[in-house]
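So the protein lines, in turn, are chains A and B.
Take the first sequence: its letter number 324 is residue 324 in my numbering, and every next letter is one higher.
Take the second sequence: its letter number 3 is residue 3 in my numbering, and every next letter is one higher.
Bear in mind the hints are in silico, worked out from the structure with no lab data behind them.
Computed from a predicted structure; not experimentally measured.
One should not assume that every hint holds.
Copies of one chain are not kept apart here, so a pair can be met inside one copy or by any two copies together.
Calculated pairs, SDA-like style, for lysine to any residue (alpha carbon to alpha carbon, straight line, at most 20 angstroms) [claimed, not checked]: (1) K220 x T12; (2) K220 x G2; (3) K220 x T171; (4) K220 x D5; (5) K220 x G23; (6) K220 x R304; (7) K220 x N253; (8) K220 x S142; (9) K220 x D104.
Number of protein chains: 2
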Amino acid sequence: MGEFDLIARYFTRPVRRADLGVGDDCALLAPAPGMQLAVSSDMLVEGRHFFADVDPAALGHKALAVNLSDLAACGARPLAFTLALALPRVDEPWLQGFAQGLFDLADAHRCELVGGDTTAGPLNICVTIFGEVPTGQALLRSGARAGDDIWVSGTPGEARLALDALRGQLTLPAATLARLRARLERPTPRVALGSALRGLATSAIDLSDGLLGDLGHILKASHVGATIEAHAAIDLLASSDQQESAAGNFDENILMQCALAGGDDYELAFTAAPALRQAVQAAADGCGTRVTRIGSITPGPGLRLQGRAGQALPGRFASFDHFA
Amino acid sequence: MGEFDLIARYFTRPVRRADLGVGDDCALLAPAPGMQLAVSSDMLVEGRHFFADVDPAALGHKALAVNLSDLAACGARPLAFTLALALPRVDEPWLQGFAQGLFDLADAHRCELVGGDTTAGPLNICVTIFGEVPTGQALLRSGARAGDDIWVSGTPGEARLALDALRGQLTLPAATLARLRARLERPTPRVALGSALRGLATSAIDLSDGLLGDLGHILKASHVGATIEAHAAIDLLASSDQQESAAGNFDENILMQCALAGGDDYELAFTAAPALRQAVQAAADGCGTRVTRIGSITPGPGLRLQGRAGQALPGRFASFDHFA
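The following block holds chain A by itself, in its conformation from the complex (with noise of 0.2 angstroms):
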């Protein structure tokens, strides 16, 4: 099989919303007036974002994934996407399983793919997305403002324990394993919520490389500090699942790295003014997404760890760096 003919089993489909899509040497696409066009691209590298043998479905949603959480991030509404993927050789059920766990997310959420490429070479995608946000409502890193709440969707630290039980550098029960794999292999980009936080948030970004260290650029951008209470993100993952009380046996420092510095979650932080908490609140139920307060923005530069007993706590966690 060659190249166009994978494009075309694999990565062509009518086209739905853009103007022209996979086929042309451009594709067009036309934002509803009043609305900004929301841009980002994510790479995806074997060995390094997955493992060689993950399930090729997962990883097509893992990449649209990580995309669709960037425009969540930003307040925005999908709108297309395009692919280019290098691949060692055609593997067909291998580009089946891609192409439907790419697609089933793609449709979930109305983004549809118009364009990209596709080359021989090792196994890396890249994924541009394109998404609509009405103009002046995006929401950036930069607007956090002293006194806000620091707010978290989900659980952050999931992702973690299960990259860490993959590795062999810890044991998760079964069934608490495979929960927890599932967030790190097909983690849920909070695309609803994102938009809900339109006019409620101040600042937000997903996290991708850690809670402290993603938090971080948006203290560094908006030039404030920050306190979190250490154990409320502890506690979120303590008791992440009740049934199971899957973290329950952990060592809090475990938590605790998991917690604060883990990545992988793409989770949404935010920032948001206390008088706004019930607004918040239910923005998120209507969204169906926990969201939870885990400290509050100072005026003061740095951030600073408080423990269960409002103690002032040491830790320096590292977040994840390519080239660190």
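Position chain B against the provided structure of chain A, taking the given hints into account.
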């Protein structure tokens, strides 16, 4: 040097045309009213699209050039691009050179880097580019009509001659090799020509995989056939440099192979009504780009090669396919 320092040092500049550039979860773009956004992605892989020892500045140039060429083939004006980069290691002189080549070409086209991704991995460069084109005026592959002239810009085959020489499959005088190597490694995207052809050309494509193969995409999308005057393309290549008579010494078969099936030229092939010959020529002259008629569109399907005396040539020329 970590990931964010790397981005800050080599790939972050003040935003000029986008609403929001590098540094948030998404970039924000707003096409002007009445414009469509033209989008294209190209991925370059070491060992496949470039030699490992290629000049990094040339590589930075080419990574953007091949994407600008897609905009050119749609008649779109460059606006912005994202860059996703997988690097085996942080090599500062290499990054410096790459960024220089990239931004020199970007600045020449007022095309702005607005985001992307950086990761460790086998060297892979994925650029996604955005351009503007007035709604309904994009040059598509599907508009060729029977009787149209077929034109090419520049001299298709030069890049392939250089590639064959670099591979040791043929010998070129040093000066000729240097000139043709620049065609291969620093191709000139025909952006001004593409825009000038709006309203004149009925279809267009850029030449990445070889003239006949790429032209085949126009024929398929337009449901037409073509007659190509093979000698027109060969003579163009044979006389590509009058001082050196670079290609004058080659077997006509080699010239034919390079001119008709050599890839990587990033010239435009396009069709236009014969009544517009003077207008097409004037448009090309206005851009300082040579264009040459090499055949015509026929109503029946299929691509026929015609020799110097009008006779049918049997040639079959494989165009480049990453998986064939």
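**Study point:** K220 and T171: within-copy, between-copy, both or neither at 20 angstroms Cα
**Key:** neither (37 angstroms within a copy, 57 angstroms between copies)
Practice item. State whether the alpha carbon distance between K220 and N253 is at most 20 angstroms within one copy, between copies, both, or neither. Key: neither (27 angstroms within a copy, 62 angstroms between copies)
Check your understanding: Is the C-alpha distance from K220 to G2 at most 20 angstroms within one copy, between copies, in both cases, or in neither?
Key -> Between. Shortest inter-copy distance 16 angstroms satisfies the 20 angstroms Cα cut-off; intra-copy 48 angstroms does not.
Review point. Should K220 paired with G23 be assigned to within, between, both, or neither, using CA atoms and 20 angstroms as the limit?
Key: Close across copies (11 angstroms), not inside one copy (42 angstroms); limit 20 angstroms.
Review point. Is it within a copy, between copies, both, or neither that the alpha carbon of K220 lies no farther than 20 angstroms from that of D5?
Key: Result: close only across copies, 14 angstroms inter versus 47 angstroms intra.
Exercise for review: Could you place K220 and D104 in one of the four classes (within, between, both, neither) given a Cα distance threshold of 20 angstroms?
Suggested key: neither (36 angstroms within a copy, 30 angstroms between copies)
Exercise for review: Evaluate K220 and S142 at a C-alpha cut-off of 20 angstroms and name the case that applies: within, between, both or neither.
Suggested key: within (8 angstroms within a copy, 49 angstroms between copies)
Review point. How do K220 and T12 come out at 20 angstroms by Cα distance, when the copy is not named: within, between, both, or neither?
Key: between (42 angstroms within a copy, 16 angstroms between copies)
Point to revise | K220 and R304: within-copy, between-copy, both or neither at 20 angstroms Cα | key: Answer is within; shortest intra-copy Cα gap is 14 angstroms, inter-copy 63 angstroms.
In this structure, the earlier hints numbered 3, 7 and 9 are contradicted, and the remaining ones agree with it.
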